[in-house]
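Protein chains in written order, with our numbering: chain U, 34 to 206; chain B, 2 to 382; chain F, 517 to 718; chain A, 4 to 399.
Among the clues, some could well be false.
Here are some, though not all, of the chain B residues that point toward chain A, as calculated from beta-carbon distances under 10 Å [what the hints assert, rightly or not]:
id: 1; residue: Leu142
id: 2; residue: Asp270
id: 3; residue: Thr362
Here are the simulated PhoX-like cross-link-like pairs (lysine-lysine), alpha carbons at most 20 Å apart as the crow flies [as the list claims (entries may be wrong)]:
id: 4; chain 1: B; residue 1: Lys51; chain 2: A; residue 2: Lys158
id: 5; chain 1: B; residue 1: Lys151; chain 2: F; residue 2: Lys540
id: 6; chain 1: F; residue 1: Lys540; chain 2: A; residue 2: Lys56
id: 7; chain 1: B; residue 1: Lys67; chain 2: F; residue 2: Lys586
id: 8; chain 1: B; residue 1: Lys249; chain 2: B; residue 2: Lys302
id: 9; chain 1: F; residue 1: Lys586; chain 2: B; residue 2: Lys63
Computed from the model, here is a short list of chain F residues facing chain A with C-beta under 10 Å [stated by the list, open to error]:
id: 10; residue: Gly519
id: 11; residue: Gly525
id: 12; residue: Met526
id: 13; residue: Glu528
id: 14; residue: Ala530
id: 15; residue: Asn532
id: 16; residue: Ala534
id: 17; residue: Gly535
id: 18; residue: Tyr537
id: 19; residue: Thr552
id: 20; residue: Val556
id: 21; residue: Thr561
id: 22; residue: Ile562
id: 23; residue: Glu631
id: 24; residue: Val632
id: 25; residue: Lys671
If you're looking for bench data, these hints aren't it; they were derived computationally from the structure.
Glycine included, every Cβ here is placed at the ideal spot set by N, Cα and C.
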Amino acid sequence: MLNEIIFLLCASLTLAGAVAAMMLRNLVHCALCAAGAFAGLAALYLQLDAQFVGLAQLLIYVGAIAILIVFTIMLTRGDEVRPGASIASPLWWVGLPVGALVLACLVGAIMASPSLLRLPAGAVHAPVRKIGEALMNRYVMPLQAVGLLLTAALLGAVAIGLREPRDAESKTQ
Amino acid sequence: MMASHSLTAAEEAAGGQQLLEVSMGPQHPSTHGVFRMDVTLDGETVVRLKPVFGYLHRNHEKIAEKCSYLGSIPYTDRLDYICSLTNNWAYALTVEKLAGLAAPERAEYIRVILAELTRLINHSCLAGFLLQDMGAAGTPLMYAFREREKILDLFESLTGARMMCDYMRFGGCRCDLPPGWIEQARSVAAHYPAFLDEFEALLTDNEIVRARTEGVGVLGAQLAVNAGITGPMLRASGVNYDIRKVDKYGVYGRFDFRVPLGERGDTFDRYMIRILEMRESLKILQQALRDIPEGPIMDPKARLRNLRPKPGEAYARIEGPKGELGFYVISDGGSNPYRYRIRPPSLINLTILEDLCLGQTIADAVVILGSVDIVLGEVDR
Amino acid sequence: MNGAGIIKGMIETARNLAGSYHDKERLTTVQYPEETLPPVENARTIPFLVYDGGDAAAGLRCTACTICEKECPPQCIYIVKDMAKKPDYLGKMQLHPKVFDIDIAVCMSCGICVEVCPFDAIKMDQVFELSTDDRFGGLLWGIKQLAKPNEYFQKLHRTEASEIDARREQDRRKTQAAAAAKAAVPAPAANLPPPANKGAAA
Amino acid sequence: MSRLDQIFVLTGHWLAGWAPAALRPLASAVLAIACIMAVFATCFALTTLAERKLLGRMQNRFGPNRVGPCGLFQPVADGVKMLIKEDIVPFSADKTLHFLAPIVLTVPIWLAFAVLPFGRNMTAIDLDGGILFFFAIGSASELAVFMAGWSSQNKYSVVGAMRAIAQMISYEVPLVLSTVPVLMLAGSLSLNDIVAAQGTYAFGWLARWNVFTPWGLAGLFLFLIAATAESNRSPFDLPEGESEIIAGYLTEYSGFKYALFFLGEYVGLFAGAGLGVTLFLGGWHAPVKGLEWAPSWLWFGVKFAALIFLFIWARATLPRLRLDQLLNFAWRFMVPLSLVNLLVAAAWYWTGAWPFGGAAPIRWVLCAGLFIFPYHWLGRALRGPLPPPRKYSYAE
């Protein structure tokens with residue numbers, strides 16, 4: 034019973050956040066509502082006992098992606114609200130088929146998933162240790178590949194960042 | 002609000018970047034009084050800086066023209082309120098020149114001693130304020146104030162006031178040294194180097210201080226000379242100009258001291274030059290306290306009231322702690338000056354603030370302002 | 517080595533932390549209401565009027581010459597003369613102030629009034645706890661608040677006061693001696709106008 | 004296991020025992036929460052006082068000593084002042100966000116305490132991914148800072164918020180990276196396991212705290228710097244650099260909302276210090292054999308206080324960095340160095356299997372060298388090419 038209530042709360046938080054992120058006028062409010070939706074999702078994961086995924090969701094989505102969005106808004110000064118303008122873009126109808134397509138894909142994938150055939154086991158426990166072991170043994174190559182990719186991205190970012198001050202110096206001199 | 006939609010001219014100049022205009026002051030914590038900087042920022046970089054002052058204007062020059070010659074001495078205390086005694090001296094020197102008076106030798110020695118003590122106060126407080134601007138929780142400032150108290154005690158026992166001393170008179174000094182004063186002053190001067198060592202241990206090698214000051218706000222010697230910069234700020238840029246050496250006013254010609262010169266003219270040099278200058282001041286102090294003669298302290302020709310100098314004009318200057326402090330007085334033979342004008346080092350050193358700050362960040366602008374060493378009482382008068 | 521300067525600074529603050537517990541040099545704070553610094557003889561805050569003897573009205577040294585009023589840079593002194601004359605310490609007839617007000621809020625403690633006073637009548641006080649909740653009259657002091665006995669002056673500025681007292685004593689002796697000499701040789705005019713009168717009238 | 008050591012655990016059990024059986028887990032959870040909040044709120048009050056007193060002493064003055072004996076009631080007076088102050092919200096502010104920001108800041112920071120082991124058997128929840136939880140929760144405070152800065156509609160606030168976010172994101176990387184060696188060598192993300200891994204004794208007397216190894220010492224060093232930056236404390240207090248941008252994102256806050264930010268900042272600092280104690284200083288373990296008689300929570304408290312003192316000490320001494328220097332320091336010094344520290348930890352791990360005896364000093368020197376050389380060169384590189392030393396000439 035308690036579980037259901039918590040689930041409903043988290044789900045409604047997630048949904049409300051998502052809807053608000055879509056509907057609100059103020060970009061910053063939208064971004065913050067999206068962060069709220071991410072947090073709700075993390076809570077859902079945690080409620081499902083998926084600690085690692087839940088915490089990673091929190092760390093990455095709330096801690097990094099939401100901040101990134103917010104930072105972008107601040108840097109580009111997108112906080113200006115044009116009064117009277119519609120929140121929908123003129124091409125809003127393009128979104129409809131796209132949304133329908135995504136939904137169809139998801140539903141199709143879920144329905145086709147073999148996990149639906151399995152009984153919901155009472156104690157599916159995925160401790161962090163197990164995830165770690167899986168990552169280090171079975172999935173070690175993909176992990177390394179991802180790591181390499183990220184390192185390359187980091188180095189690229191550093192290279193781009195390093196060039197800037199010299200430009201600035203030459204500009205002032 | 003980051004409001005305006007259309008780009009301003011400055012924004013166009015900055016490559017179409019949208020700029021942030023910030024009005025720092027007059028009630029900004031770092032502006033040393035009521036000083037305002039209208040700063041235009043590109044991100045955190047200063048692209049334009051307009052100093053705005055006058056918030057502390059007290060009409061000093063006009064008041065002095067309505068006061069008797071004597072009556073404006075206490076007002077000079079309030080120009081650069083950290084260094085009231087050097088202000089007194091510059092004004093007294095001008096009127097002495099105008100009225101043809103000469104201070105007796107003992108008075109000259111007293112003046113030198115007081116001026117050098119004032120320099121110690123000013124420079125150590127400046128270093129404290131500079132670090133305060135860098136965000137150092139007030140520790141260096143408190144150490145500077147601790148030492149300053151000892152000098153202020155000296156001032157109080159001699160002049161009766163700690164800051165608004167009102168001590169020098171035309172043709173001498175107001176009163177003679179109280180018994181034991183010289184010994185006390187000697188002990189202060191003897192303990193000061195230890196404090197300077199402590200101060201330097203705290204600051205000079207500190208990596209953060211170095212990072213914040215080195216290469217920040219570089220003032221070239223050419224620009225410094227052209228802009229009329231004086232004092233430690235000029236010498237930090239490597240220009241050898243110290244009025245104590247150039248004019249040898251008072252009895253400065255008798256003392257053996259050197260003028261430290263920087264080579265890069267950045268904020269660190271401005272800090273370091275002041276530390277080195279304090280060490281030289283201590284040398285002067287030791288010599289003056291050793292050699293001070295007995296004798297009268299007032300020119301017998303001098304009179305306190307109803308001073309009516311012959312019509313004429315005089316400009317006299319001294320090496321104040323902040324730079325060349327000059328007074329220009331015209332007499333029409335009356336009991337008050339016909340024209341009274343001050344050359345305040347703070348104001349003139351402040352004029353190049355924008356040149357120093359362009360291309361630096363907003364945090365640097367605050368530090369640079371701190372290193373210029375202004376006192377708004379003198380800037381706005 | 518990186519960070520050596522920072523460590524040096526940290527050691528310095530630690531030394532001061534330790535020092536503040538045992539070294540008087542490193543903890544110079546005087547905790548004001550409980551402790552106060554010993555008075556400094558030369559210290560000055562605001563002016564007061566000196567009177568001799570026990571009666572402020574009779575013994576006030578001030579002759580209402582208004583030199584201080586004229587010389588005061590911020591113009592905070594206001595004097596109204598009382599035309600009825602009173603004998604001073606030498607027995608000469610002198611004017612005295614009916615009103616002598618100092619606006620303490622305006623006074624900037626420069627002490628020029630003291631320097632220019634030819635009668636040693638106005639001296640600098642050392643009081644500084646002057647705050648009041650009366651914005652208008654609280655800091656406008658009249659003779660009643662300003663007049664302080666010579667003993668008080670003696671207490672504040674011992675050297676200066678003794679010097680002045682000695683000089684006045686000498687003056688009085690001289691006058692007495694002159695009077696005695698005059699009494700011995702009878703003189704026609706007893707009441708010469710005192711010289712300060714002229715100054716006050718000018 | 005002395006009774007004194009377990010006094011809080013036993014009292015908690017006893018108190019929860021009064022609740023009906025069905026509500027007992029809830030009751031003990033509430034008790035734990037209440038205890039943590041009470042203890043660390045008191046800690047907050049005491050730390051503000053201690054900070055001001057120590058700062059005062061380091062600056063050769065007394066610090067607050069007027070309210071109550073030795074100024075002990077100063078925090079009470081401050082609290083009352085904050086409470087009764089007018090709460091001013093700027094006219095153009097985004098009122099909702101302006102109101103929410105202090106709450107969003109404070110709540111997650113309190114949550115972080117849930118996984119810290121304050122003593123033997125004294126962890127509110129022993130999560131498998133305890134440290135992950137800690138960092139995940141901590142990342143929410145950046146959003147709060149942004150909300151505060153943006154909603155105030157003040158230039159200083161916005162600049163402060165930008166600075167704060169840039170700084171917090173940058174320093175989160177070295178903060179997390181510096182803890183990774185600990186996790187690697189303990190083989191667990193659970194803070195209790197990490198503490199347990201430091202519970203044995205080397206040479207029969209010295210506790211095997213992580214800080215007694217080269218990588219642990221370096222890790223603590225990196226961790227403390229990053230934690231200082233994360234909690235916006237001097238010398239990394241740029242977001243509130245009062246000499247530049249007044250109070251940064253706090254500029255438009257007053258009254259109790261300001262107090263909440265203040266509280267959040269200190270509690271965040273406590274969480275950082277608590278994590279530092281747990282990861283590097285052996286948690287609640289005694290430093291040498293023979294001192295275990297003192298209760299475990301006391302050991303935690305002592306180490307915790309020592310770290311807090313370190314933060315205060317640094318604040319009294321150091322001026323503030325500039326934003327570009329701060330970010331350079333994070334990305335070009337802290338991050339590479341914490342990566343190097345991973346290698347050092349690995350080297351330590353592998354050399355631990357060396358067969359010959361008496362290898363301990365060699366191992367130490369080797370691993371320390373592995374860290375010190377990059378430390379030196381990275382620092383050199385960070386400062387850029389060294390200009391010739393300054394010379395001051397003297398004119399006669």
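List in ascending order the numbers of the hints, as given earlier, that are violated by the structure. 8, 19, 20, 21, 22, 23, 24, 25
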